[in-house]
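Let the hints inform the model, and build the full structure from the sequences given.
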Amino acid sequence: MSRTNIIALLVFGAILGYFLSFGAESTRKFQAGIYQLLAPFLSSGSGLQKQITQVRSGLKSLEELERENSGLRVENRELRATNQALRDVEQEVNRLRHALNYRERSVFKLVPAIVITRDASTWWHTITVNRGKEDKIEPDMPVVTDEGLVGKTTTVSASISVVLLVSDENCKIAASVEGTREQGIVSGERVTTGLVPSLYLNFLSKQADLKPGQKVYTSGVGGVFPSGLPVGSVKSFRVRELDGQAQLTPLVDLSHLEDVFIVTGRK
Amino acid sequence: MIFFVLLLVFVTLAQITEFFIPPLGWLYNTHIYIVPLIVFYAAVALPIPLMLAVALYAGILLDALTVQVIGSKVEISLGWSILLYAVLAGFMHGLRPLFVRGRWEVHCLLSGICTSLILFAQYLMITFRRGSVFFSPQVWWQIGGPGLIAMLMAPLVFWILHWLAHVTAFPYLPERDRFE
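Chains as they are written, first to last, in the numbering used here: chain A, 1228 to 1494; chain B, 6 to 185.
Read the hints as simulated data drawn from the structure, not as lab findings. This structure is a prediction, so every number in the text was calculated from the model and none was measured. There is no bait here: all hints are sound.
Result set (PhoX-like, lysine-lysine): computed pairs, CA atoms no more than 20 Å apart in a straight line: (1) A:Lys1256 x B:Lys78; (2) A:Lys1399 x B:Lys78; (3) A:Lys1363 x A:Lys1336.
If you want it as structure tokens, here you go:
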């Protein structure tokens, strides 16, 4: 082996050792730095992705229109396209109005955020949102929509935050079941088995006998999630050797998140 | 040297692009990974010091953008991806004589296998951290699926990168591949 290669290996080993010695706080800071460096690319990538999706859906509706109205003139097509565009705008206005209403009637102080990226890796269920330290966001803040709990912030850079979704096995939530005194810990799956991720409410009593459809809310124990946030609804219940376990369906459609709110405190 | 810088730029772009490629729902939510293919091409096309530099850069990016810090613990320490990339790239570099002889198919197949090996190693690490070891068909698909996709994409990615190496007159290319 040549001298250059040996020197390269030694330098590589030294840098590797340096990174492996990082603790949680240094890792978080380093991650935040990298996210901040890439923030412009991630934000513009998100915008580009939305534009491509819009163009794709626009072309699709034109194809449908062509099939249905092959005899119509160009003006008619333009009018229909305009109508379609207006419907999209109306839909967006309704969605934002819905979100604004939720923000106003919520008992929490909410910071609205837009989802930039989602599910960047196989084993961790995360999204990134366009809010960070500049908006007074900190790690371990709950993230919600008007439908229920989405997750909590982990790494926070100046203008971007990583949100660990409730569907991740590492996101543990103290929760209680409506209409009962049952309490347990909700966590996600290591590997998603279906199209909709499942959540599991563990450490219930064996006598819990929960019924499908019962709602599960955060209990407020643990300090991260305030009490009363809807998490999911019971899909099934089974008795294990030491405890009872309920399978839950998340109330929020985690695969189509666009706007979320970060809970920064109570009003 | 231009080609080496280009590879670093491609690694960055590919890593950002991966954020926006949705997982394949019809294939057990298989993710599509492009960065490993660039690293593995670098492994056969670059000399060892530059190969290590690419592995280092790609590993840092991957860890910084994906590793989870939960409370006061890091699930997989920053640096493990660097080590994985370097070991697998080193293995690919060992097969460079085949690449020099123009036998690309071996490296295309190995790129897929090595992509899956990275995911397998990550899964083992998080399994040991979280406990309760289990291997379901879904787990195997999530490990093997990206490898299969990488194998399919490898010829195209390798061809594009090889063409760029030609265009930039990269001096470490096999003799017969250089422009006169």
